[in-house]
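Listed here are the chains, written in short residue letters.
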Amino acid sequence: MISFKGFLRRFLSDPVAIGAGLVLLVLVLMAVLAPFLAPQDPYDLMQLDIMDSELPPSWKPGGDERFWLGTDAQGRGVFSTIMYGTGISLLIGIGAVIVQAVLGVTLGLIAGYKGGWIDSFLMRLADIQLSLSTLMMAIIALALFQAAFDANIYADYAIVMLIMVIGIAEWPKFARTVRSSVLGERKKEYVDAARVIGLPPRKIMWGHILPNTLTPVLVISTIQVAEAIMIEASLSFLGLGMPVDRPSLGSLIRSGFEFIFSGSWWITLYPAIVLVALILALNLLGDWLRDVLNPKLRRGED
Amino acid sequence: MPMLEVQDLHVAFPQGRKSEVEALRGVDLTLEKGERLGVVGESGAGKSMLAFAILNLIAEPGRVSKGRIMFHGQNLLDLPERDIRALRGNRISMIFQDPMVTLNPVLSIGTQMMETLRAHRRISGAEARALCIAKLREVAIPSPESRLDAYPHELSGGLRQRVVIAIALLTDPELIIADEPTTALDVTIQAEIMALILKLCRENDVALILITHDLGVVAEVTERLMIMYAGKCVETGATDAIIKAPHHPYSAGLLRALPQNAARGTRLYQIPGSMPPITALPTGCAYHPRCARATALCKAEIPPLENGAACFHPLTAPEEVP
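Protein sequence lines, in the order shown, are assigned to chains H and A.
Its first residue numbered 1, the first sequence is counted upward by one per residue in this note's numbering.
Its first residue numbered 1001, the second sequence is counted upward by one per residue in this note's numbering.
These are computed hints drawn from the structure, not numbers from a lab.
C-beta atoms are modelled at their ideal positions from N, C-alpha and C, and glycine is treated no differently.
The reader is advised that the hints may include incorrect statements.
[To be verified] From the structure, some residues in chain H lie toward chain A, with a derived Cβ separation under 8 Å:
hint	residue
1	Asn-152
2	Tyr-190
3	Ala-193
4	Pro-200
[To be verified] Under the rule of at most 20 Å between Cα atoms (straight-line distance), these lysine to aspartate or glutamate pairs were calculated in the EDC-like manner:
hint	chain 1	residue 1	chain 2	residue 2
5	A	Lys-1199	A	Glu-1223
6	H	Lys-114	A	Glu-1081
7	H	Lys-188	A	Asp-1098
8	H	Lys-188	A	Glu-1180
9	H	Lys-5	A	Asp-1149
10	H	Lys-173	H	Asp-119
11	H	Lys-187	A	Asp-1098
12	H	Lys-188	A	Glu-1115
13	A	Lys-1244	A	Glu-1220
14	H	Lys-203	A	Glu-1203
15	A	Lys-1199	A	Glu-1301
16	H	Lys-173	H	Asp-287
17	A	Lys-1033	A	Glu-1154
18	A	Lys-1199	A	Glu-1174
19	A	Lys-1033	A	Glu-1203
20	H	Lys-114	A	Asp-1098
21	H	Lys-203	A	Glu-1223
22	A	Lys-1066	A	Glu-1081
23	H	Lys-187	A	Asp-1172
24	H	Lys-188	A	Glu-1060
25	H	Lys-203	A	Asp-1205
26	H	Lys-203	H	Glu-185
27	H	Lys-5	A	Glu-1154
28	H	Lys-187	A	Glu-1180
29	A	Lys-1066	A	Glu-1042
[What the hints assert, rightly or not] Derived list of chain A stretches under chain H, where covered just means 3 residues or more per stretch with a C-beta under 8 Å from a C-beta of chain H:
hint	stretch
30	1105-1112
31	1128-1136
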């Protein structure tokens, strides 16, 4: 186990980690504080003026002082929309990972601890899930959902649907990771000792084995947030994600993509840069975390 | 009625699809309240298996295939899982070999102690804490209040084993099974821990099954002794009597193999050969291939346990040691 102090010291001595952490911090703050900081509320139709549409960034000829990064086809400021959109992307990413983790950790823990046919059954289920591409599953589920309900209901529940679809499609990654650590842990003597003091299997699983398997869970959680944001962006780009009036980064890129050949490149470019920065920062942090928490790679400090 | 009575205990593991191999091949054992029994044998003789069988904790796919384990007249093998769980860690506790691995590395000492207590007693957090501190003091851990919040890696091996002993004593059990409790410790600490276990057992009138391969420890701590070989008890009786005059050639060999019994400057004695794996036991007496006294009879038949030794040709005088 690594102490919090040692953890902090490792973080502060690694420029990549600091850089990624800072980028992530800025993006998260931007998203959380969007309602207070954004120059414009892109959800409020009263504030939008169609006359402002497709304005270039403010430093370009024809740019408007009010819109730093220009406006999109509806006259929304790209900067404000990115701030709100980052929030939606993060919300979906984190929400989906929570669903994945709850499902995956529970099933992985049960599979690894119980073994036998329960293990075989759950792991074949995971194999089936993994053999179906997440994107394909999500496209089918969301297309059905869009066809079954009208646009207003879809708009209201799009976030929940995206979280559930991405969450359910990606549980095997958590389940497999947890299962494999449980297989290693359950042979250890502290598990025998826990059985000898008369604890029921439920308490041994959740109270003793789970805390010993959380390190890899933490690492994949970080990487899976990036993955989920990317899946959501792909889906939105295909028109199956967040609706135009509550855009995520993905739907912003998509809505701008239609105008890219008419010269309005800023509508796509800026959200795309933010998306790439966000995913890169998450992945770098995930990698760093894996190195720090891996005892085999630890140098003789802490 | 004895407190614990194990009768003809067999433990079997499946081998292949149809056949089974036996890790324990009919073990009998009785233990009175407060009595201390030593179980001695080489690695793989089935000593630990016996301990786990008593708690009905044989790891899958092994199983108790025959026999009874009577605890206060009740067969533990018939009890539903819930009821036997209420016994484990409560009326029967166990101390393991290596305190480095028997404490959960990510839970504090206090958490692990209170968990044991609260699995068996309905008491408040404050009471549990007070009791844990009292037990830690009883096993002579300095400043027990601060140790409760410590994690296992912050304690030394000796202290950890003291914590393990405190956990075993927490619920005032009637029986403690100690599976090589000092093997993993520094030699300087071994005697201390053993003395502590002995003192606590005496003071609280707790019965002890001490599993070890250290005959010296057994001689100091236990009243009765059981020597196991290849899943069977080969000799049993009063500890002092066996150590003074063993009847079974294997017991005699073990005693002679003790370094302190060798004359200075001579080669240390060792029993020739090694214990057969349970998958390839010889016919008849399992010890006959290594035994100097073996005859055709030993090859053909399994000797019954009579007069304390399972041998057709028991030693009658101590100087007969081969």
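Straight-line alpha-carbon gap Lys-187(H) to Asp-1172(A), limit 20 Å: 28 Å, violated
Pair hint outcome, Lys-1033(A) versus Glu-1203(A) [Cα-Cα no greater than 20 Å]: 13 Å, holds
Holds or violated: Lys-188(H) to Asp-1098(A), with C-alpha atoms at most 20 Å apart: The hint holds at about 11 Å.
Three-residue Cβ test at 8 Å for the coverage of the stretch 1105-1112 of chain A by chain H: holds (count 3)
Distance restraint between Lys-5(H) and Asp-1149(A), which requires alpha-carbon spacing of 20 Å or less: OK: Lys-5(H) and Asp-1149(A) at ~18 Å, within 20 Å.
Agreement of Lys-173(H) and Asp-287(H) with the hint, judged by alpha carbon distance not exceeding 20 Å: 16 Å, holds
Distance restraint between Lys-1199(A) and Glu-1301(A), which requires alpha-carbon spacing of 20 Å or less: 43 Å, violated
Hint validity - Ala-193(H) Cβ closer than 8 Å to any chain A Cβ: 4 Å, holds
Interface hint compliance - Tyr-190(H) to chain A, C-beta minimum distance less than 8 Å: Status holds, d = 4 Å.
Pair hint outcome, Lys-114(H) versus Glu-1081(A) [Cα-Cα no greater than 20 Å]: 16 Å, holds
Restraint status (C-alpha distance of Lys-188(H) to Glu-1180(A) at most 20 Å): 17 Å, holds
Straight-line alpha-carbon gap Lys-114(H) to Asp-1098(A), limit 20 Å: 25 Å, violated
The structure fails hints 1, 14, 15, 17, 20, 21, 23, 25, 29, 31 (numbered hints given earlier, in ascending order).
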